[in-house]
Structures are given as structure tokens and as C-alpha cells.
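Asker: Based on the sequences and whatever the hints tell you, model everything.
Taken in sequence, the protein lines are chains Y and Z. Quick note, the first sequence lines up with residues 1 to 461 if you use the working numbering. Quick note, the second sequence lines up with residues 1 to 264 if you use the working numbering.
Watch out, some of these pointers could steer you wrong.
[To be verified] In silico contact screen, one side only, chain Y against chain Z (beta carbon under 10 Å); selected entries: (1) L265; (2) V294; (3) D300; (4) L302; (5) V305; (6) R348.
FYI, nobody ran anything at the bench for these hints, they're computed from the structure. For each residue, glycine too, the CB sits at the ideal point set by N, CA and C.
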Amino acid sequence: MLGMNHRTAPLEVRERFAVADPAPLLTKLAKSEEIEEAVLLSTCNRVEVVALARHAEHARLRLRSFFRRELAGDAALPEAVDLDALLYEYADGAAIRQVFRVAASLDSMVVGEPQILGQMKDAHRAAVACGACGPVLSRLFQTAFASAKRVRRETRIGERPVSVARVAVELARQIFEEFTDKSALMVGAGEMIETALEALRGEGLSAVHVANRTPAHAAALAARFGAAAHGLPELPALLARADVVLSCIGSDAPILDVPMFEQALAHRRGRPIFVIDIGVPRNVDPDVNRLDGVYLYDIDDLGSVSAANAEERRRETVLAEAITLEEQQRFDGWLTALQAVPTIRHLRARAEAIRAGETGRALGRLGLDEAQRQGVEALTRSIVNKLLHAPLTRLRAEAEREEGLAYLEAARVLFALDEPDRSPDATGETGESRGDGEAGARVDGGRAMPAPAGDEEKTRS
Amino acid sequence: MVVALHILTAALYLGAGVVAGVGLVLPSPRALRGSVSILLLGAVAHAFAFAAFHLAAAPPPLTDLPAAVSLMAWLAVLFFLALLRRVRLQALVAGVAPAAFLGAFYAALRLPHSEQALFVGSAAWPHAHVLLSSAGFALLGLAGIAGVAYLGEDRRLKAKPPGRARLRLPSLEALDRVNAVALAAGFPLLTVGVLTGMMWVETELGRLWTGSPHEIGSVLAWLVYGGLLFARVRARQPGRRAALAAVAGFAFLLFAVVGVGLFA
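Answerer: See the structure below:
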């Protein structure tokens, strides 16, 4: 795996490497000799390529060149930027671990945020669609997705919001049971108000009002979110109707004070108001919080809730790491078991070659009719299959453990699989007897397939 | 059998309270859900206790204080479970279950020693009085518990820096709604309970009013609740004041009815 993220590269560099449509680049990458399979993950916080390769060193060079030439494209990096210093790479088990950690949102800027899983699914889907992702990486990603879901299910890593907008919504939920009969008032029309409107969009508020010093700005923002636009002089009347008030407007003195709230409360018949003041300097007089039925939170209050929630998420990461490790071990078992495939295929091929040769010679001498010949063929095949069944089953089972590789080694020695087949029957006509078995295996759609010679050098990175 | 079933009921209520407390401290939503199930089992055991009561002495001597307290506890749990179907109130098991435990445990301790009824009279008025008053009492008790929870949540949400809820507790709006519903349903039941009590006295003694401490306390409690309901409906006071009033009102009712019954 080669990539950069929010910890290693600044935004102005990351945005040069962001890819909207990875298909053309991935297709080209997967066609290169050094890479067998590849997935490209590009989000606002990370650009990573996960690849399956035959040779780690070659793959490393190819991926670095991929970042420098293909991903960066025409956008030249500033001269001061040393791209190599911004990239991190993981190989073998560390790369697998990183995929699991990214999927479970343990490597995210906001630990536990749910978007990364969807983004990884999209990246995997795109890679599969363009043929860059094969069975091994598909299995890796599917297992990582399952692991991430388990982390969400069994830990509280994603329960506590940490963004200011989500914290505000979560606090509002502690005051109001439902939002469908509530209305919100946004004071200001800047970026923070826009983010808050995004966060509130799915909450089903009955009405949203945007009030701003410049009504035209309020109208522009309100139009995008289906809200109503107002000027600041309307604030007292709006306050009497609003259940959630969020203010972020430039002002030297509070624009919402105690008398305004007292007046509003008189018309509210006991209904509480939740006020979020994220303006600096503050837009709402802090004494407002003393009024019955008014709950005021400023940017520091939200920050302290956010920090506490982030801390709680960090505590949950211990459990989450343990879960991902457990799931990763399952994937490792599957991956290790793949190593048994060449030996098993080789052993089968050797046995089949002997059977075919001996049977052919015997049939030549016996002079049997066609039905009898078929009977003898079936009989010998059955004997070979039954003899091999137990050892092959054991080999498959043991190969899932690292220690089980000794069984594979023993099988290769006992059946002389690494030596040239000197039996008179070894004609090579079976297509699998000589050389092929030693060549390693590829996996296609979950079924083992013989791979070309040289696969034993394959290294995952 | 009645006592044994009351002990089982009390144990289940206590278990529900403990599990809910653990669920709040850990925090664990699963424990809170479990506490609701245990509370439900307690309510079922309580139903069997009353069935056994009925079989042993039909109609059961509800006018006896331990039996009446047990009935109030049972009805409070039933009303709470009914409310749970509508509002997210699992955390309140930590308040309702211990209160129900006290009622069931008191009944288990006192029932073997209780004498038949405070008043001996024809079955209709006394039983109507106890049933209706207990239902009213149970609902107003729920309003009180919701009020305590509201005050705690209000304090936490207004604190600087804001206090953290490690578990999602009932919203202020939900607690205020419980308060309003319990008060709106509890007060009429209390009213009819007071009236049937007067009819009972009239049947027994030939007059509506004897001036006993129980009567005075009950009527004062009724007046207090009438005032609370009026304030709630007409003045639309903020939730915190309504919660305070519900807690104070229930404390007064507890003293006026149960306290007077205990010490009289």
C-alpha cells in the first residue's frame, strides 16, 4: 500500500492527488507488469493505492511512479514539496492491517466517522468494475468491510458526535424528543451556518428561518435549503417561534440579549429554546442561560462536549483495534491457505499422471472392449481420489495456520514434488505435471487456478 | 403464597432497578433494555400476587394499607410500561423500579401482620375508593419521578461546562410530556378517589366529612394538585417549574395519604 493522508500531507497537496474517476488510472495500473490487482481510495483526507504484486520492490517503484506521474497529472507540485516524504507505504501484513484500520475508521481524522466505509466500498466497486480488483483484494476488502461493521456494532466508537454541527444536533436531541414540530432560526449566512443547515437537513424540522444583516445573502442561502430569509430586525418575532437558534454572525456586541429572550418566552407558553452561539465575539448574552427554559451553548461549550466525545471514541479504539485484529487473522488464515493450492494441485497432477500411465499400459495389454475400459478408468480414478482425500483435506486445514506450512513442506518432500518427475509416465501431457505445480497459484473467483512460472516470487505489498 | 409472590415481585423490581442503575453508570443500552424486561417480569409476578390475594380472600382487603401500597406500586409499574411503548424512557426504570420495590417489599413485610381494613364496610365504595385513589396516586408518583429526572437533566444541560450524559437519557420534552400526561390523568382519578372515599364514609357513618387526618390530608393534596393542573393548563409554565411542582406535589401527597396512614 502506498498513500498519503491528513497526517502526512497538507490539504493543498492532497487535493492535487484527489481523483474523481479512478477507473482509467486503475485500468492502466493493473495492466502494468508489476501489479496484479489494485484499488484506489481517494477521499478528502487520503489518497491510497492498495495493490497485489509479485515483487515488492518493483511494485514500490511502480506505485511511486504512479503517484508522481499519473495521479499528480498535470498539476505540478510546488518545488519545495518532497513527494516521497509525504508518502507512507505498508507491505504484507502491515498493509492488510492498514486496510482494516482505514475501513473501521481507526485511521480517520475524526475517529469513528462513518463516511469512510462508504467511500471504501465505492473505491472497491469502481476497481472491480474496471477489472483492476481481483479475487484477493476483493476478499481483503470484503473482510475489512465486515470487520468495520462489527466494530460499529460492538463498540461505541461512532456514537458520540465530534463535529460542532453534529454535537449541536445531539444536544438538541437531549432537549427535544422530535424535530418534526420544531422550527430553527439561523442567524448569519456564513460557512458555519451552511454546515449547520447541512447537519439539520435530515432532521425533519418543520421550518427553518435564516436571518442576516444582508438579506440578500440570507435569501441565497435560504433558497438552497428550502428555508425562509429574514433581516435582523425581525429577530424578536422569529425568536418567539424558533425552538432551535443557531447564531454565527460578525458582531462586536451580543445581538440577542436577555430582554429579547424574556419577551420571546412570554409568547412561548413554556416551550424551551435551545440556543447555539458559535459567533466570536459571542452573539448571545451569556446571562440568557439563566432564564428558565433557555439552554445556551457557546463555541467553548460545544468544544468541550466535542473533546469529551473524541476522548470517549479514543477509549473505544482499544476494543476496535482488537476486533479488527481478530478479523484480520481470519483473512490471514485464508491467505495462508492459498499457499497450499500449488502443492495440492501438483500432488493431484502427479497422481493423475501415474494413474493415467499405468492404466494406459495395462489396458493396452488386456484388450478390453470400450465399456470395460471405462470401468477400469473409473476404478483407478476412484482409488487415487480416495487415497488422496485424507491427506489433501488435512493439508488444506493445516495450511490456514502459519505452523501448518510444515505439512506442505513435508508433502513436497515425501512425494518429491520439487524434483523432476522421472517416472516413465511423466509425459507432461496432462498439462499440470511438470513445472506448473511449482509455479504457484492464482485465485479466480474463489477457485484455485494454475499460475505461470515465477509465482513463487510473488510478494504482496 | 401472597407474601411469597410479593417477595418475588420485590426481588424482581429491585433487580430491575439495579440493572438499570448499572446500565446508566457503565453505560450500557443493553442493560437498560434488560432492566425493562425484568420490570415487566416483576409486573407479571405482581399480577399473580394479586390473583393469589383474590383467591385467598375475595375481594382482597385493599383498604388495608399494605395492600393499597402494593396496588399503587403495581399500577405505577403498569402505567410506566404503557408509557414506555410511546416514549423513550428506559432510563427512568432506575427511578420507577426502586419505588415499586419499596411498595412491594413493604407489602411483603406488613401483609402477614395486617388487620382487616382500616374501615370495615360494604365492598363497593371502599374498593372503588382504593382502586381509583391508587391509580391516581401511581400516576402522580410517575409525574414526580419524571419531575426529578427533569430537574437533574435541566441542571446538567445548563451546567458550564456542560455535563456529559454518557448514555442517551430521556429528552426534557419527553419527561415534560410524561409529567403532563400523568398529571392530566392522575388528577381526575384522585378527584373521583376522594369523592368515593367520602361516599364510603357517608355509607358507614352517615356523614360525608369526619375531619380525620386522612381526609384532611387527601383534600389538601387534591387542592394542591388542582392548583398544579391549573397552572400547567392556563399559565403554561416552563418545564422546570412544572417538574418542581410535580415533585413537591407528590411529596405532599405521599405525606398526606401514606404518611398519615402510617402514623395515624
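Asker: Can you name, in rising order, the numbers of the hints this structure does not satisfy?
Answerer: 6
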